[in-house]
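Got chain P; can you put chain U on it based on the hints?
Going down the list, the protein sequences come from chains P and U.
The numbering of the first sequence is numbering that gives the first Met the number 0, which starts it at 0 and goes up by one.
The numbering of the second sequence is numbering that gives the first Met the number 0, which starts it at 0 and goes up by one.
Heads up, some of the hints might be wrong.
[As the list claims (entries may be wrong)] Covered, in the sense of this in silico footprint (three residues per stretch, anywhere, with C-beta under 8 angstroms from a C-beta of chain P), are these stretches of chain U:
1. 14-24
2. 45-53
3. 178-187
[What the hints assert, rightly or not] To be clear about the criterion: a stretch of chain P counts as covered by chain U if any three or more of its residues have a C-beta under 8 angstroms from a C-beta of chain U, and this derived list gives those stretches:
4. 69-75
5. 139-150
Calculated from the structure, these hints are not laboratory results.
Where a beta carbon is used, it is the ideal one built from N, C-alpha and C, also for glycine.
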Amino acid sequence: MTAFYSWVAALAASGILPGDFQYPFLVRGFLSVLVLAPVLGGLSHLVVTRRMAFFSAALGQAALTGVAIGLLVGEPINAPYGGMFGFCLVSTLAMVYVKRHATLPSDTLIGVFHALTLGLGLCLLVALTRQFNVHQVESVLFGSLLTVTDGDLALLVAVGVVVGALLLRQYNALVLDSLNPPLASVTGADSAYLEYLFAFLLALSIVVSLKVIGALLVESLVVVPAAAARNLARSTRGYLVWSIGVAFLAGIGGLGVSTRLLVPTGGAVVLAASLLFFLTLLARLFMPRTAQDVPTPGRANA
Amino acid sequence: MPEREVRSPSQRRELVGVIRVGVAVLAVAWIYAGSQAADTSGTRGLLTYQALMADLPAGEQLLFRELQEGLLEAERDRAVMKRWPDPSALEADGIPPFARDATTKGPTYAWRRLQNGTTVNYLGIPSASDAPAWLLLIQEPEPGSPPDPAPDDEEHHRLPDGIVLHISVWKHADGSRLEVALAPLPQARGWVQIVGRAPVPAVATP
Numbered sequence: 000m001t002a003f004y005s006w007v008a009a010l011a012a013s014g015i016l017p018g019d020f021q022y023p024f025l026v027r028g029f030l031s032v033l034v035l036a037p038v039l040g041g042l043s044h045l046v047v048t049r050r051m052a053f054f055s056a057a058l059g060q061a062a063l064t065g066v067a068i069g070l071l072v073g074e075p076i077n078a079p080y081g082g083m084f085g086f087c088l089v090s091t092l093a094m095v096y097v098k099r100h101a102t103l104p105s106d107t108l109i110g111v112f113h114a115l116t117l118g119l120g121l122c123l124l125v126a127l128t129r130q131f132n133v134h135q136v137e138s139v140l141f142g143s144l145l146t147v148t149d150g151d152l153a154l155l156v157a158v159g160v161v162v163g164a165l166l167l168r169q170y171n172a173l174v175l176d177s178l179n180p181p182l183a184s185v186t187g188a189d190s191a192y193l194e195y196l197f198a199f200l201l202a203l204s205i206v207v208s209l210k211v212i213g214a215l216l217v218e219s220l221v222v223v224p225a226a227a228a229r230n231l232a233r234s235t236r237g238y239l240v241w242s243i244g245v246a247f248l249a250g251i252g253g254l255g256v257s258t259r260l261l262v263p264t265g266g267a268v269v270l271a272a273s274l275l276f277f278l279t280l281l282a283r284l285f286m287p288r289t290a291q292d293v294p295t296p297g298r299a300n301a
Numbered sequence: 000m001p002e003r004e005v006r007s008p009s010q011r012r013e014l015v016g017v018i019r020v021g022v023a024v025l026a027v028a029w030i031y032a033g034s035q036a037a038d039t040s041g042t043r044g045l046l047t048y049q050a051l052m053a054d055l056p057a058g059e060q061l062l063f064r065e066l067q068e069g070l071l072e073a074e075r076d077r078a079v080m081k082r083w084p085d086p087s088a089l090e091a092d093g094i095p096p097f098a099r100d101a102t103t104k105g106p107t108y109a110w111r112r113l114q115n116g117t118t119v120n121y122l123g124i125p126s127a128s129d130a131p132a133w134l135l136l137i138q139e140p141e142p143g144s145p146p147d148p149a150p151d152d153e154e155h156h157r158l159p160d161g162i163v164l165h166i167s168v169w170k171h172a173d174g175s176r177l178e179v180a181l182a183p184l185p186q187a188r189g190w191v192q193i194v195g196r197a198p199v200p201a202v203a204t205p
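For reference, chain U alone in the conformation it holds in the complex:
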């Protein structure tokens, strides 16, 4: 076997090599990050199970809006009575979408309130087989948990007593074929979260 001399690179040469590769890596990463930050398309930042409200058909956009309004009324009841109202009570008060507006077309929905501990679902199953099911997921904080510093936004609603609720609106294409069950993690059962706007990058927020 012929003899071969193997020389390890000097520390200085090695350092120069490491710095060169490091600068190249940082340059590529910076170019990629810059191109991503410059992308301002609406769906940017959406997770795989999220969709923009603006991309929904008009009828579904209306229902999404009604759910937001109905939620505010339900939150008001929750703040006063310390429990979530039944859909029948909201319907009796004429609050959409729980109370159907006779002037609107489209499927009717049977609304149910499902609750397990701090997880609350308002589940709307449509009468028509081709209409989507809707879900309002409300996550209350565990009793005794420290105050949530999250800012008030689409997903965080602060009640008058300081409790911060995590809110999300979901739809499922299976509609009337859907099993009536509490959905603590809807995305794992094929639900799509509907958001008013995509998450905003941190640098764009003052």
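Extracted from the complex, chain P is given alone in its bound form:
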């Protein structure tokens, strides 16, 4: 990758690319956004349709706890992926299983998991402060391009390919199951399998996004792009395309603001996404109303 970074730096020095591209961390950040936008944007509209925004927030907090567990078992500060993937995926399985079989409302159950994982994560982090420079964990909380390595980028691409492939393979079934689970069952779709699969893909995507977006804000990027896209889209395909487009614009915009103003990348990306949401809200006021403007039913209980 060094030769690639040198080539990009030479383009930046000659004025073909913006001057900031002379720094490898910014090139890695740009490439991360290129991969993250289709992954998170693609999942985003399904997250909103399946009403899994709160579930995503709980997964972000679980990833933070996973970082603490990874550090405690001896993983390096720059790649505690064993703890993150392990704890997040097991939490995902537990949340989906309990949600499917408990009689309590799903948001209550997710709230319990949310509080449990956050409480555990905070206790572990405080224990870590006695033994570790905890300031480096801040980048996991708020996101920082400066901590993204070539290895992280490779993992991001690998997870992006796997998530993209599985999403494409099951896309129609997932959309139908999100909009109308009984109808999806009639067509032969296994609703339980789809629910576990989607939650698993969401957890994978959230874990690999942590270094760029941060644990506290990652759920925003799987909710806001779809919310903005919903204001503009006239079809399911449009919904998907607009979600990816908004995620990409928010990523690039946030990256630029973060680099110029030296603010955390996650915060800048989420602010950019929120700005786009309000712009689409304004745009919607000037768009002619159509039959699609009636609210979609979605999953009543997800």
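Here is chain U on its own, set in the frame of chain P:
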């Protein structure tokens, strides 16, 4: 359209499936974490903008050491006078690297102190174009902030009055071409933090 019966798995079958997948996930995560914990290479745990002092050329290692010594003298002045000394004062006292040792080879450095609030920079710009620039970043706590429980280590220095400073040493390859400006977040401007040793995993610390 042919009729199809779709049976959802029983709760027990589903639970067994969930436990199987969960155990598989934990096994893979444990194997990965174990392999990472067993890796004892020196660069392990370094962030993208950090480099080990031991990997630097001899001349730069010497300057890093001198900066550590010069910092201790500056901290002593800071504790007594309640303000950071100017590089010229440290040079007058013969404290390296601010005072150049005539016996050492290599580029000379023009040192400046830059300060904005609680952020202090000692910036050394070399005379030679091929030499790196050096930066000593000192972050004081905000007035009135609670006591910092951080242990004394390479990045945390405790003054006699109990104030804990965050210290880091940086170098930049652009050297003499570098703009003279305060760098509160040096890594965002291409600086590389030089550390004496990589962060130690928590389990390895008693």
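How does the stretch 45-53 of chain U fare against chain P when you require at least three residues with a CB closer than 8 angstroms, holds or violated? Coverage by chain P holds here, the residue count being 4 at a Cβ distance below 8 angstroms.
Count the residues of the stretch 178-187 of chain U whose Cβ falls closer than 8 angstroms to any Cβ of chain P, and tell me whether that reaches three. n = 4 at 8 angstroms, threshold three: holds.
Please count how many residues of the stretch 69-75 of chain P have a CB within 8 angstroms of a CB from chain U and say whether that reaches 3. Check passed, 7 qualifying residues.
Verdict on chain U covering the stretch 139-150 of chain P, where coverage means 3 or more residues with a C-beta closer than 8 angstroms: With 4 residues in contact (Cβ-Cβ under 8 angstroms with chain U), the coverage given for the stretch 139-150 of chain P holds.
In terms of beta carbon proximity below 8 angstroms, does the stretch 14-24 of chain U have 3 or more residues touching chain P? holds (count 5)
Checked against the numbered hints given earlier, this structure breaks none of them.
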